[in-house]
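Line by line, the protein sequences are chains W and H. The first sequence: position 47 = 47 (the UniProt record's numbering), numbered continuously. The second sequence: position 125 = 125 (the UniProt record's numbering), numbered continuously.
Worth double-checking, as some hints may not be accurate.
Identical chains blur together in the list; that is why a pair holds if it fits in one copy or across any two.
Unchecked claim - Okay, derived cross-link-like pairs now, DSSO-like style, lysine-lysine, Cα gap no bigger than 27 Å in a straight line:
id	residue 1	residue 2
1	K288	K369
2	K369	K299
3	K388	K299
4	K254	K340
5	K133	K234
6	K234	K120
7	K232	K120
8	K227	K340
9	K307	K133
10	K374	K384
Keep in mind that the hints were calculated from the coordinates and are not lab data.
There are 2 protein chains.
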Amino acid sequence: MSSLSIPPPACLLQPFPITQRLMLGPGPSNVPARISAAGAQPILGHLHTETIEIMNHIKSGIQYAFQTRNRVTLAVSGPGHAAMECAIFNLLEPGDSVLIAVNGIWGERAAEIAERIGAKVNTIVTSAGGYFKNEEIEKAVDKYRPMVFFLTHGESSTGVVHPIDGIGDICHKNNCLFLVDSVAALGGAPIYMDKQGIDIMYTGSQKVLNAPPGTAPISFSERACKKISNRKTKPISFFLDMSWLANYWGCDDKTVRAYHHTGPVSAFYSLRESLAILAETGLDNSWKQHKEVAEYFHKGLEEMGLKLFVQDKKLRLPTVTTIVAPPGYDWREITGYIMKTYNIEISGGLGLSAGVVLRVGLMGYNSSKTNVDKVLEALADALKHCHKSRV
Amino acid sequence: MSSLSIPPPACLLQPFPITQRLMLGPGPSNVPARISAAGAQPILGHLHTETIEIMNHIKSGIQYAFQTRNRVTLAVSGPGHAAMECAIFNLLEPGDSVLIAVNGIWGERAAEIAERIGAKVNTIVTSAGGYFKNEEIEKAVDKYRPMVFFLTHGESSTGVVHPIDGIGDICHKNNCLFLVDSVAALGGAPIYMDKQGIDIMYTGSQKVLNAPPGTAPISFSERACKKISNRKTKPISFFLDMSWLANYWGCDDKTVRAYHHTGPVSAFYSLRESLAILAETGLDNSWKQHKEVAEYFHKGLEEMGLKLFVQDKKLRLPTVTTIVAPPGYDWREITGYIMKTYNIEISGGLGLSAGVVLRVGLMGYNSSKTNVDKVLEALADALKHCHKSRV
Numbered sequence: 001m002s003s004l005s006i007p008p009p010a011c012l013l014q015p016f017p018i019t020q021r022l023m024l025g026p027g028p029s030n031v032p033a034r035i036s037a038a039g040a041q042p043i044l045g046h047l048h049t050e051t052i053e054i055m056n057h058i059k060s061g062i063q064y065a066f067q068t069r070n071r072v073t074l075a076v077s078g079p080g081h082a083a084m085e086c087a088i089f090n091l092l093e094p095g096d097s098v099l100i101a102v103n104g105i106w107g108e109r110a111a112e113i114a115e116r117i118g119a120k121v122n123t124i125v126t127s128a129g130g131y132f133k134n135e136e137i138e139k140a141v142d143k144y145r146p147m148v149f150f151l152t153h154g155e156s157s158t159g160v161v162h163p164i165d166g167i168g169d170i171c172h173k174n175n176c177l178f179l180v181d182s183v184a185a186l187g188g189a190p191i192y193m194d195k196q197g198i199d200i201m202y203t204g205s206q207k208v209l210n211a212p213p214g215t216a217p218i219s220f221s222e223r224a225c226k227k228i229s230n231r232k233t234k235p236i237s238f239f240l241d242m243s244w245l246a247n248y249w250g251c252d253d254k255t256v257r258a259y260h261h262t263g264p265v266s267a268f269y270s271l272r273e274s275l276a277i278l279a280e281t282g283l284d285n286s287w288k289q290h291k292e293v294a295e296y297f298h299k300g301l302e303e304m305g306l307k308l309f310v311q312d313k314k315l316r317l318p319t320v321t322t323i324v325a326p327p328g329y330d331w332r333e334i335t336g337y338i339m340k341t342y343n344i345e346i347s348g349g350l351g352l353s354a355g356v357v358l359r360v361g362l363m364g365y366n367s368s369k370t371n372v373d374k375v376l377e378a379l380a381d382a383l384k385h386c387h388k389s390r391v
Numbered sequence: 001m002s003s004l005s006i007p008p009p010a011c012l013l014q015p016f017p018i019t020q021r022l023m024l025g026p027g028p029s030n031v032p033a034r035i036s037a038a039g040a041q042p043i044l045g046h047l048h049t050e051t052i053e054i055m056n057h058i059k060s061g062i063q064y065a066f067q068t069r070n071r072v073t074l075a076v077s078g079p080g081h082a083a084m085e086c087a088i089f090n091l092l093e094p095g096d097s098v099l100i101a102v103n104g105i106w107g108e109r110a111a112e113i114a115e116r117i118g119a120k121v122n123t124i125v126t127s128a129g130g131y132f133k134n135e136e137i138e139k140a141v142d143k144y145r146p147m148v149f150f151l152t153h154g155e156s157s158t159g160v161v162h163p164i165d166g167i168g169d170i171c172h173k174n175n176c177l178f179l180v181d182s183v184a185a186l187g188g189a190p191i192y193m194d195k196q197g198i199d200i201m202y203t204g205s206q207k208v209l210n211a212p213p214g215t216a217p218i219s220f221s222e223r224a225c226k227k228i229s230n231r232k233t234k235p236i237s238f239f240l241d242m243s244w245l246a247n248y249w250g251c252d253d254k255t256v257r258a259y260h261h262t263g264p265v266s267a268f269y270s271l272r273e274s275l276a277i278l279a280e281t282g283l284d285n286s287w288k289q290h291k292e293v294a295e296y297f298h299k300g301l302e303e304m305g306l307k308l309f310v311q312d313k314k315l316r317l318p319t320v321t322t323i324v325a326p327p328g329y330d331w332r333e334i335t336g337y338i339m340k341t342y343n344i345e346i347s348g349g350l351g352l353s354a355g356v357v358l359r360v361g362l363m364g365y366n367s368s369k370t371n372v373d374k375v376l377e378a379l380a381d382a383l384k385h386c387h388k389s390r391v
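Excised from the complex, chain W in its bound form (with noise of 0.2 Å):
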């Protein structure tokens, strides 16, 4: 008799298939064949020859689409979250200062997250679809005198992409980090880490890249392994430890990688994929291609009569594209219908455009017209067949 009390779930004993969906929200995008075909390769050890060698392609692909020299440049082994965590234990310890620029809800986690870790957290904030000057910029850090500044770059949740230009000047003045959460535009908006003075840099494996969730590059300049280096407590978390995970990536002068946890091996070989795809592109290539696609996607809008949240053109981030709610319609039946009549994904805003936006991705693979051509369909008819009251 089977000493079990607990039986084997009937859920799990039929087959579960998933069919095709056009994902055009803020992320995931639709991974690739090759991308998938890529991951599905036999697995091998987190430390074998071979998965060396990949990592090594890894952290050179983050460097030429971050346009880094950074040595420790690599992949943390979780998501964007786990990304912004990663930077945000290593670089601060209880006590230390931090200034977040809130415009969305990056900053709003980012300030979560180092609140909870015990660091003294300052704020500026702007309504959504706003952005910061760089005179603001430079008077609160003036005024907070922080150690890291945190921005996001493109804020996915307002569809802005913010300026960089001139704030790493100001941060190093300052004697302040400078990090850059470019998770929803890297690859998609140009950023030049090393040249814009940028510190700390991550982004996600998802939007641009194409690539399953699950794996997010980072990258630490000199100047931040330094602030590092000279913390007198460990980070936070051993699983994020920087000097672990540099040491797990090369990135360290010791000869020897020592254990430090199990790497998703298979996600490793999605990204390497990603990575290869983008330096066979050409990243000028892609923020082109980004840049084309979102404006003759903005211009179909118009021609719809949809607006545009961002009204600032320089402003608008080329991967996620606001249009500002329908009015006399439920956002939530527009996305269900285009969900349900077209199988493609769009979603409604977050945080602070929640019921404000819906939000359109169009993200690496996925930036094309042809995908801008059926979404606007799409979009044509869920405003003629959903509800609509007198406005």
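Knowing the structure of chain W, use the given hints to seat chain H on it.
Just chain H now, with coordinates in the frame of chain W:
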């Protein structure tokens, strides 16, 4: 002219195909085609209806594999170390007392993690290959009055499967939670979370479950949840905060799942498939298979004149076997020879057992007499061909 100063890396401009290797180290183990294929299915959103259904299936599968009815049962979006941190970060507040049983590397790691968050850490320690009698545990619990007692079920560094019976009662009599690491044993050696009074347990995806590394099943008893809901401070990590994770996995009373982080959707597909295979096989059949195959292996080893590191048969971990490193040989030459000649991974020791043992994993799909025959042949050949000094 391109604005890029870092060119595309040459290493990414050519393919890097991976060939099959027989993975008989302590993990990751080989991923069957059925699981790889599941992981390569089209990506969906981390909050899409089908994804939520898959997550529900995973929950049921973990409840089955753990033999628990715990409502708060889910998979962490990271490797086993993330699950270890998830358990410790959520259970302990700064100043809370924890008792850690160290009979290999996992206890050491747990102690390191608990120290980093400012817990009061006490340990009981055995030599490599040892275990703790219930009387010793009771004495230590009585002495240190911990809020949590940590024990490794399958200590893969020494090859010991730790007895579990009676320890839950000792803990509960003393108002202490029982936390078990079953990364290397779950599915391969009997354990009954509810019946044995385990309050928190976690495992990894890449051992007996044969999914790629990167997700980690975890479960919390009502008693553990109560400790968490009575916390005075927030857990140190937002990414691993159980109140957010429980909501994301539909384990709380809320009807809406909030956006917490982007779950590794593809890895969830693989994990679901691996739990489906376990449900089809039957947990008790899986335990039986691992036991039989391990005993067949151990017999073969002894017939070759090799010595098992763990003397007591009842304490031998059926998933990872430790063999006394053959006297007169350099263990590195043996593992290197077997890798090079047979394309089979076996490994050396780790932590306490480094230099002392060879380790062979036979987990899930890899637990078969055919694989035993292969590795025995490879070992016999290695002992013939590798250098031997007179001893």
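Hints, verified against the model:
no.	hint	result
1	K288 - K369	within (13 Å within a copy, 57 Å between copies)
2	K369 - K299	within (12 Å within a copy, 65 Å between copies)
3	K388 - K299	within (24 Å within a copy, 76 Å between copies)
4	K254 - K340	between (54 Å within a copy, 25 Å between copies)
5	K133 - K234	neither (35 Å within a copy, 34 Å between copies)
6	K234 - K120	both (18 Å within a copy, 16 Å between copies)
7	K232 - K120	both (17 Å within a copy, 19 Å between copies)
8	K227 - K340	neither (51 Å within a copy, 43 Å between copies)
9	K307 - K133	within (24 Å within a copy, 71 Å between copies)
10	K374 - K384	within (16 Å within a copy, 66 Å between copies)
In this structure, the hints that do not hold are numbers 5 and 8, in rising order.
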